[in-house]
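Whenever a hint applies, use it, and build me the whole structure from the sequences.
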Amino acid sequence: MSGPQRNSNNARESITSFDIHFTRYIDNDGKVVGALPDIAKDPDALIPLYRAMVLNRAFDTKAIALQRTGKLGTYASSLGQEAVFIAVGAVMKKQDVLVPYYRECGAQFLRGVTMTELLLYWAGDERGMDYAGPREDLPICVPIASQIPQAAGVALAMKYRREPRVAVTMFGDGATSKGDFYEAANAAGVWNLPLVFVVINNQWAISVPLREQTRCETLAQKAIAAGFPGEQVDGNDVIAVFDRFSAAMEKARTGGGPTLIEAITYRLSDHTTADDATRYRSDEELRTHWEREPIKRLRQYLITTGYWDQQRDEQLQQKCELEVEQATQAYLDTPPPEPESMFDYLYANLPGALQPQRDDLAKKVKQACQS
Amino acid sequence: MSGPQRNSNNARESITSFDIHFTRYIDNDGKVVGALPDIAKDPDALIPLYRAMVLNRAFDTKAIALQRTGKLGTYASSLGQEAVFIAVGAVMKKQDVLVPYYRECGAQFLRGVTMTELLLYWAGDERGMDYAGPREDLPICVPIASQIPQAAGVALAMKYRREPRVAVTMFGDGATSKGDFYEAANAAGVWNLPLVFVVINNQWAISVPLREQTRCETLAQKAIAAGFPGEQVDGNDVIAVFDRFSAAMEKARTGGGPTLIEAITYRLSDHTTADDATRYRSDEELRTHWEREPIKRLRQYLITTGYWDQQRDEQLQQKCELEVEQATQAYLDTPPPEPESMFDYLYANLPGALQPQRDDLAKKVKQACQS
Amino acid sequence: MPELNLIEAVNKALAFELAADENVVILGEDVGVNGGVFRATVGLQQRFGEQRVLDTPLAETLIAGVAVGMASQGLRPVAEIQFMGFIYSTVDQILNHASRLRNRTRGRLTCPMVLRAPYGGGIHAPEHHSESYEAMFAHIPGLRVVIPSSPARAYGLLLASIRDPDPVIFLEPKRIYRLIKQEVVDNGDGLPLDTCYTLRQGSDVTLVSWGAMLHETQQAAEQLVNDGISAEVIDVATLKPLDMQTILDSVSKTGRCVIVHEAARTAGFGAEIAAQLLEHGLLSLLAPVKRVTGYDTVMPLYRLEEFYLPGVDQIITAVREVVEFG
Amino acid sequence: MPELNLIEAVNKALAFELAADENVVILGEDVGVNGGVFRATVGLQQRFGEQRVLDTPLAETLIAGVAVGMASQGLRPVAEIQFMGFIYSTVDQILNHASRLRNRTRGRLTCPMVLRAPYGGGIHAPEHHSESYEAMFAHIPGLRVVIPSSPARAYGLLLASIRDPDPVIFLEPKRIYRLIKQEVVDNGDGLPLDTCYTLRQGSDVTLVSWGAMLHETQQAAEQLVNDGISAEVIDVATLKPLDMQTILDSVSKTGRCVIVHEAARTAGFGAEIAAQLLEHGLLSLLAPVKRVTGYDTVMPLYRLEEFYLPGVDQIITAVREVVEFG
Ligand SMILES: Cc1ncc(C[n+]2csc(CCOP(=O)(O)OP(=O)(O)O)c2C)c(N)n1
Ligand SMILES: Cc1ncc(C[n+]2csc(CCOP(=O)(O)OP(=O)(O)O)c2C)c(N)n1
Ligand SMILES: [Mg+2]
Ligand SMILES: [Mg+2]
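Protein chains in written order, with my numbering: chain A, 1 to 371; chain B, 1001 to 1371; chain C, 2001 to 2326; chain D, 3001 to 3326.
I should point out that these hints are in silico values taken from the structure, not numbers from a laboratory. Where hints are given, some of them may not hold.
[To be verified] Between beta-carbon pairs, the in silico distance windows are: (1) B:Gly1133 x D:Val3225: 31 to 41 Å; (2) A:Lys93 x B:Gln1095: 17 to 27 Å; (3) C:Lys2253 x A:Lys366: 33 to 43 Å; (4) C:Arg2200 x D:Gln3219: 44 to 54 Å; (5) A:Asn10 x B:Pro1043: 45 to 55 Å; (6) A:Gln326 x C:Arg2200: 48 to 58 Å; (7) A:Ala35 x D:Gly3043: 49 to 59 Å; (8) D:Gln3219 x B:Ala1330: 52 to 62 Å; (9) B:Arg1162 x A:Ser282: 48 to 58 Å; (10) A:Arg211 x B:Gly1133: 32 to 42 Å; (11) B:Ala1274 x C:Pro2165: 31 to 41 Å; (12) D:Phe3325 x A:Gly70: 51 to 61 Å.
[Unchecked claim] Under the rule of at most 20 Å between Cα atoms (straight-line distance), these lysine to aspartate or glutamate pairs were calculated in the DMTMM-like manner: (13) A:Lys363 x C:Glu2306; (14) A:Lys71 x C:Glu2306; (15) A:Lys159 x D:Asp3021; (16) B:Lys1071 x D:Glu3306.
The structure presented is a predicted model; accordingly, all values stated were derived computationally and were not measured. Ideal placement from N, C-alpha and C gives every residue a C-beta, glycine not left out.
Pasting the structure below:
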């Protein structure tokens, strides 16, 4: 502790200071800013990111179409934020654990969650959270920020077992107003947890703009309150996210503790399919941000560097749409869940006290089938 | 927002930075450090602070003695932290509102809460929260940090009514780990509230030392996460607290918004009378901190400057003890509360549904009196 | 007279009281420009300004705590929690503070606040958006818990809740936000908070319910006429403090009672009503009191919610059982 | 065999399971060096190290959330909340997450955690330290709610709770932490969680209670012998899931029932038991079921808590009323 222990001759003096950095490699037009990291020069690494971003968007388009035609429930779109989700999903290792919120399907796909699973989830079916791939990843979390203390618990479990694994949790700018976030960040600091916090600063929390969410100039500086580094990246520059997030992951994996990464991006869609953003934000603002969106920017860079061309792009589009179609078909073909299943995963073994209720439901189901 | 809007040629660069300051005027031995503010040169202003600190300690001593002899319940001592409490109480104006935690009786006394009231409170009697003096001050708050969002509400009410009033809330280092604190601080920032946060950093939260509470170097820096200034003062230097807290109050009162002041002090007592601090902290640490305590230090300064002498000090001690005795007698003479009163302040009017319960209690009371 | 649905009635009541009492302030997430995710506050910020209708940061503990603080200073905050699924972070403020402030200070400070939240299932909402936890609040001394079941009652009960000198948890059954339209006189008249509302007279059985389930309950009562069963239907409306007398009087007439609620059965509020019938009305009971409720399961995601929610058939079956009993 | 009081039995159970299962981790405020404010964890950090017995920052949402996260990865966290008065910040994590994780993921992830908290009044504790809110948790599907009433049951039930594959809210009646000593065999045997415990056989009336109130209840049963009344005493022990059969069997024998709990009456857990008696046991009931409970008031500060807490006399009066009924 600084304070009474100190001996100084100035009544008032600065005792500590903090800096917040921002990183961007590729600007809105796909032009290079500053010295590029290796990934930017390696088409074999970069093109898969591009593919994943395009697939993410294709899924998104389809999910919204399904919702509009009554085939899906409320859905939260990733439009315009794909670079962050894909960079995070790509950098994480299989043994790491993702503790998501609800908007980062792109990251989940790279972890092995299937499009069919996520469609089931948004169609109101719990089976969509029984991921066949990443068995230890937490499911989508709707109550804002409540997943963040859990991520601290996941990271604490890794640390307890001395495993070289890292927990990653993602959340929005709105989530940084919830106490859960701060409590978890503070604990991650004290316990030096292998945990990376990724804030998707898409400028809006439903209709509440960032300036009404906080007076902070950056969300990265919230980490200062937890005693570990926070930094900003251009979240629409997949190379910047990849680079800085990789560094944070490496640090966490080797005992260096937590980092908070604020990815500056923009929610080009409505909040969810249940929202109408025209009620509260201007067309002009939206237009401006369409100019900064991540896929166009990366495509521009790839084409300029010669790593990519128009023809491959068209093929990729088709391939992605096909994949999404297949997943959609698999989702639509999935037989409906058994109503009685609502009792079957409540406890390891159904308590006797609940058996009559389960029987009652079975009767109800039978009657419903008959009528 | 910084971020995508920026145009720079460096991939990674600092975009914002923060400083934390520490202030002290009088050191552990009562010696002057740096240029003194006016208050330090004005015995008419300074001596009342000293008197109030001595009274605070006399009350404290008595309360602990009462608890030890079974005449009071669990009590939370102010020992060693009086400078902060007294400076805060002295600077606040009558029309301001204090939203306390549970350790700052010294501040409450200066606001007009009586010693008798606080004794009643710690003796398990709700009437001790019906302050005859500051009618709008919130009562003592035991659930850690839960008073802080309320303080934001109080400040918002002042702002809503365009009154030149300020809300002040106090809380411990432990409280800075609770989400309630961060949520309220963040809102105070966004709404630019007339609210001053005073953190009593007494190094311990029961048995948990500061380094297990947070990895932060200072608690003042937690304000950075809320977008307004935070600073440290030597909480055992009443002049430093008075000076910096006055500045924060003036700023808040004139529309400048919130400030967080971290007062570095030390809990020389057990956590409460129910605690035994020898279980978890060393005699040596305690000894060190006795050398830094605020009353001795201020007395030294006052005597050195010639504002005070030994004889007046003895008179003051006696006077304080007498005052405390009188308050104690008034407390002991207070007739016990009516059991039925537990129904009488539950709602503005007792709902009919509760009348039979009140009658039942009356019967129980009658029986108890007879037996 | 205009026909309003329930959410419009809520909006009208809020507007009326904002105009009538400058101490009334609305706060919550997205209540401003957006007018609330269900449009309860639509147009209010525009009409009354940003001071009166305030968007908060995304923080429910804060919302409740700020409301307590404002109320302690004599304002009348009406706070919205966007969905009941996000109300649990407010329990500490509600239980430890709002419900106790008057008692703790012997009446020096009071807490005239309203916490509004939409609750219940049936609209195919996402996860955690469809639960019914009214019993949790009904157990807390010092609170009022109010649940409207029609546009007119929403209007009158909300006005009374805002004017009430003590904290009120006002839970809005979102399944029926837009289900029915009704004539609502926007004259600022509140409705009493300490009473049940008898919606239908009957002689064979008393059906007790609240919120959205009253609609299935009333349908069941209607259909039971065909079986020659005359059902009295009671809307509890104010769960706390409970007007048990109206229910006891009805059951002493009918001798039979079925309680209907959407929340999980165990320790749901139906248990309290049954327990009081057993304590005070045993001799008039001609049959066991049945509860038709949600199951003691997690509220399923929407594909299965219709199987979770009690239906008209279940109510009818339960009524037949108690009528045929013994 | 050593004689232990209830808090020592808790300590022994924790020590046994820490030694037996390296997945068990204890966390909470002051649980380390200090051994917990009631000494439940005394000596454990010293013996098992800081990794196994972890002091947390002062943050209850965090404690619960961390426990959920650890449990999701196969550990068995046993989290302490220092007093029930500070448990409300955990409700969101418990209700929206802990109780649902298995169900949400169709069994892929589970939540074998225990949340321990001392609860109840009677020890002259400060404000907010004396409440009884077990009913709040007993209403949440997917949880177990367990309350011991003796050292031996504390030991066995806590071990079973830690080993249970699902989340358990373990509430410790702190009024009796040091009230009685009892021989407790420290052999690691758990006790069943799905059953009530019949503490005394009787034929005239069934007394149902849990936690600290069982002591007044047993005293009442003892004294009633003088009136020629033979009372059966049942310790519910596990409120959720509730073993109603044992209670129904007893009441079908005695025909009368009095339920005793310290929590506020309205929507307390006694209501659920009464409601089930009315649903399933009406025909065997010879008298109304009475509840002897705390009042629907805020738990008063300690000067008046003895007037709040139900006493032996009140239980006896209630029993006489039901025995003399009709
Ligand atoms: C605790 C809680 N409160 C309110 C909501 C309702 N809600 C859902 S999303 C949302 C906004 C979230 O904004 P942000 O955190 O920025 O994430 P984004 O959706 O913008 O990615 C709100 C208020 C919720 N899900 N959880
Ligand atoms: C929410 C909550 N959790 C736990 C407690 C129990 N408790 C009482 S005081 C205390 C430590 C508080 O430490 P700090 O905030 O530093 O204040 P101090 O007592 O040191 O002045 C704890 C854990 C409480 N009162 N409230
Ligand atoms: Mg956002
Ligand atoms: Mg402290």
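Next item on the list: Starting from the range 48 to 58 Å, see whether the pair Gln326 (chain A) and Arg2200 (chain C) falls in it by beta-carbon distance.
Entry: The hint (48 to 58 Å, Cβ to Cβ) holds, given that Gln326 (chain A) and Arg2200 (chain C) are roughly 54 Å apart.
Note to self: Does Asp3021 (chain D) sit within 20 Å of Lys159 (chain A), going by the straight-line distance between their CA atoms?
What the structure shows: holds (17 Å)
Margin query: Tell me if the beta carbons of Lys2253 (chain C) and Lys366 (chain A) are separated by a distance inside 33 to 43 Å.
Written below: Roughly 36 Å apart at Cβ, these two residues keep to the hinted range, so it holds.
Note to self: Range first: 45 to 55 Å. Now tell me if the beta carbons of Asn10 (chain A) and Pro1043 (chain B) are that far apart.
What the structure shows: With a Cβ separation near 25 Å, Asn10 (chain A) and Pro1043 (chain B) fall outside 45 to 55 Å, so the hint is violated.
Check: Can the restraint linking Lys1071 (chain B) and Glu3306 (chain D) be considered satisfied, given a maximum Cα separation of 20 Å?
Finding: holds (17 Å)
Check: Given the proposed pairing of Lys71 (chain A) with Glu2306 (chain C), does the C-alpha separation stay at or below 20 Å?
Finding: With Cα atoms ~17 Å apart, Lys71 (chain A) and Glu2306 (chain C) stay inside 20 Å; holds.
Check: Using the C-beta atoms of Gln3219 (chain D) and Ala1330 (chain B), is the stated range 52 to 62 Å upheld?
Finding: violated (39 Å)
Next item on the list: State, for the Cβ atoms of Phe3325 (chain D) and Gly70 (chain A), whether the hinted interval 51 to 61 Å holds or is violated.
Entry: holds (59 Å)
Notebook entry, point to check: Between Lys363 (chain A) and Glu2306 (chain C), is the straight-line Cα distance small enough, at 20 Å or below?
Noted result: Roughly 14 Å between the alpha carbons, so the hint for Lys363 (chain A) and Glu2306 (chain C) holds.
Next item on the list: Kindly confirm whether 31 to 41 Å is satisfied by the beta carbon distance between Gly1133 (chain B) and Val3225 (chain D).
Entry: With a Cβ separation near 56 Å, Gly1133 (chain B) and Val3225 (chain D) fall outside 31 to 41 Å, so the hint is violated.
Check: Is it true that the C-beta distance of Arg1162 (chain B) to Ser282 (chain A) lies inside 48 to 58 Å, as the hint says?
Finding: Since Arg1162 (chain B) and Ser282 (chain A) have Cβ atoms about 31 Å apart, the given range 48 to 58 Å is violated.
Next item on the list: Determine whether the Cβ-Cβ distance between Ala1274 (chain B) and Pro2165 (chain C) falls within the hinted range of 31 to 41 Å.
Entry: Given a distance of about 36 Å, which is inside 31 to 41 Å, the answer is holds.
The structure fails to meet hints 1, 2, 5, 8, 9 from the earlier list, while all remaining hints are met.
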